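Given the coordinates of chain A, work out where chain B should sit on it, guided by the hints.
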Amino acid sequence: MASMTASDASLAGSARVQSRVIGALLMREMLTRYGRHNIGFAWLFVEPMLFTLGIATLWSLTRVAHGSSLSVIAFAVTGYSSVLLWRNAASRCAKAIEPNLGLLYHRNVTVLDLLLARITLEIVGGTAAFMGLLVLFVFLGEMTLPADPLRMAAAWGLLAWFGTSLGLLMGSLSERSEVFERVWHTLAYLLFPLSGAVFLVDWLPDPAQDFVLWLPMVHCVEMLRHGYFGDAIRTFEDPGYVAVANLALTFAGLVLAREAGRRVEPQ
Amino acid sequence: MNRLSSLFRWSASGLFLTTVALPTVAAAVYFGLLASTLYVSESRFVVRSAERVEAPTLGALVKGGGLSASADNAYAVHDYILSRDALASLQKTTDLKQSYASRQVDALNRFPGFLEDDNFETLFDYYKKYVSVLIDPVSSVSVLTVRAFDPELAVKINKELLARAEALVNALNKRMQQDLLAAARTEVAAAEGRMRAAEADLAKFRGSRNVVDPERQAVMQLQYSDKLREALLTAETRLEQVQTAAAHSPQVPALQRQVDKIRRAIREAEGRTTGGDERSLVGDASKYQQLALERELAAKHLAVTLDRLDRAQIEVARKQVYLDRVAEPSRPDGSLEPRRLRAVLATFFIGLLVWGVAAVLVAGIREHREVL
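Keeping their order, the protein sequence lines are chains A and B. 202 is the number that my numbering gives to position 202 of the first sequence; each next residue is one higher, with no gaps. Offset between the second sequence (1-based) and my numbering: plus 1000.
To be clear, the hints were calculated from the coordinates, so they are not data collected in a lab. Model, not experiment: these values are computed from the prediction. Using N, Cα and C, we set each Cβ at its ideal position, and we do this for glycine too. One or more of the hints may lead you astray.
To give an idea of the interface, some chain B residues facing chain A are shown, with a C-beta separation under 7 Å as derived from the structure [claimed, not checked]:
1) Thr1024
2) Ala1028
3) Val1357
4) Ile1365
5) Arg1366
6) Glu1367
Only part of the chain A face toward chain B is listed, based on derived beta-carbon distances under 10 Å [unchecked claim]:
7) Ser10
8) Gly13
9) Arg107
10) Val109
11) Asp113
12) Thr127
13) Met131
14) Asp206
15) Ala248
16) Thr250
17) Ala257
18) Arg258
Bound-form chain A, shown alone:
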């Protein structure tokens, strides 16, 4: 037990160091990506906002496949912002290690830190974009205030966790072989229509429902919409399933990240 306390003390210290490292990597990432001119780092959330804004406009103009009285804009915002969250987090981590090999020479910079920095950045951007759009549309009167913000926050948290685990996996796997990166782009593209952004699980025929509910992000989007629309819709989320799936994916991602670190770090 004595050794426990000693290592506990340094655990806190190590944690502090790690958070500083991740913070620094974050700043570096932001600056290298967005620079200081133009609106600079504001692109971090303006870019996803524009994406979602475009989609929302398109859908509301064409009244895409809605037999229901749900607000198209609310539907688009809740759906597409969620997809951007996990897709961007994962995509940015692909091939994240190679260009930053030089950084790994520092003792305190690990692969995990690199990946976590990028993931955090994307999550912050995606979250800010979503909240910004929510505020904007509520202000314009196109959207009403959500029915259950706590549930929405929980759903967003689960989505962010999912995105994190995907990012860890992508970062580590893409370092092994570039096949994974190519596969990921295709997979992400194919996953978009399945991810629950464009439909409510309630709209699908029963066999399709069972199939689509294997994907954790579908549950998260359902939960997000449940929080926003309240009792107006029937949703099928199972947060327990998402938590377990996320746990498994995170574990795999973490292990692979450490493994990648060992391969790459010049020791």
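This is chain B only, laid out in the frame that chain A set:
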């Protein structure tokens, strides 16, 4: 891999305890000793209407606006079963609340639990957790599942719910029948009334005018006056003949009287047919036309309303909804829930996952060291 396992061993003893050992032991204690047995009673039924709607196989895949009437009715029954009304009626006939709130039930599953108040609303939320209705989309069979801590109660609740559902279906049928037929029946009554009134008016008119059918009678009158004219012509000719042959013949006055008589008869006849005479047949004819037309229309109207009533009755027969029991509520002699071993194993494995994640994270943190 070796470094990984040594890393785990080094950093993990306290972690392992909290994330794996402790939860698994707690789960084992709870599911092994404390958790109360749940008994499940299941019944199956089908809600269908007399009209057979064959859902095409493609239709079974593509759900959408084309729900058949029986699917709508099935969902109505489902909604009823999971409604406050059903719970209220159950409370009157079973001791549902006492059973779920009894001390026999373990504290985590008991009603009302730690944070909830004891009122109807929370009982309703609780009720919805233990009663479920699911429909098999292909066969349209609904499965009613009741879980309770006492096997007898489970069966009783199930039976009660089925009975209530049947009562609901019957009430809906009756209502539909009344709605569809009431309107048709009043229409028929009105049409009959109209018909009778028309007949009565016509009879009254005939009686007051002493005519049966003015038009035909007018024709007959005209024929008669034609004949009279012929006779007049003959008589006048004879008179002329006699006058020119023998002006002082005693036949002349007789013939003259005949001619006058015929003329008078003609005037009378024509007066009866036309003219402003109140006994004029032409005047009567137009009134008679009106009344005859009204009677014809009333007859047609009656025919139409009778036909509608007929069709409404066919529709009622077609739309009758039936609740057929496919399987009676089962009596559980053993319990399937809670699945104790499964729950403990699940806790163990999830604990392992959490431990894995935590261990790697902690190891990652430890890699960072303060420099100077």
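Structure-based check of all given hints:
1. Thr1024: violated (16 Å)
2. Ala1028: Status violated, d = 20 Å.
3. Val1357: At about 5 Å, which falls below the 7 Å cut-off, the nearest Cβ of chain A leaves the hint on Val1357/B intact, so it holds.
4. Ile1365: holds (5 Å)
5. Arg1366: Hint holds; Arg1366/B Cβ to chain A Cβ min 5 Å, cut 7 Å.
6. Glu1367: Holds - the Cβ of Glu1367/B comes within 7 Å of chain A, reaching about 6 Å at its closest.
7. Ser10: Nearest chain B Cβ about 7 Å off; hint holds.
8. Gly13: holds (6 Å)
9. Arg107: holds (7 Å)
10. Val109: holds (9 Å)
11. Asp113: Result: holds, 8 Å to nearest chain B Cβ.
12. Thr127: Violated: closest Cβ of chain B sits about 22 Å from Thr127/A, beyond 10 Å.
13. Met131: Interface hint status for Met131/A: violated (28 Å vs cutoff 10 Å).
14. Asp206: At about 4 Å, which falls below the 10 Å cut-off, the nearest Cβ of chain B leaves the hint on Asp206/A intact, so it holds.
15. Ala248: Holds. Min distance 6 Å.
16. Thr250: Cβ of Thr250/A sits 5 Å from chain B, so the hint holds.
17. Ala257: Given a least distance of 8 Å, the restraint on Ala257/A holds.
18. Arg258: holds (6 Å)
The structure shown violates the earlier hints numbered 1, 2, 12, 13.
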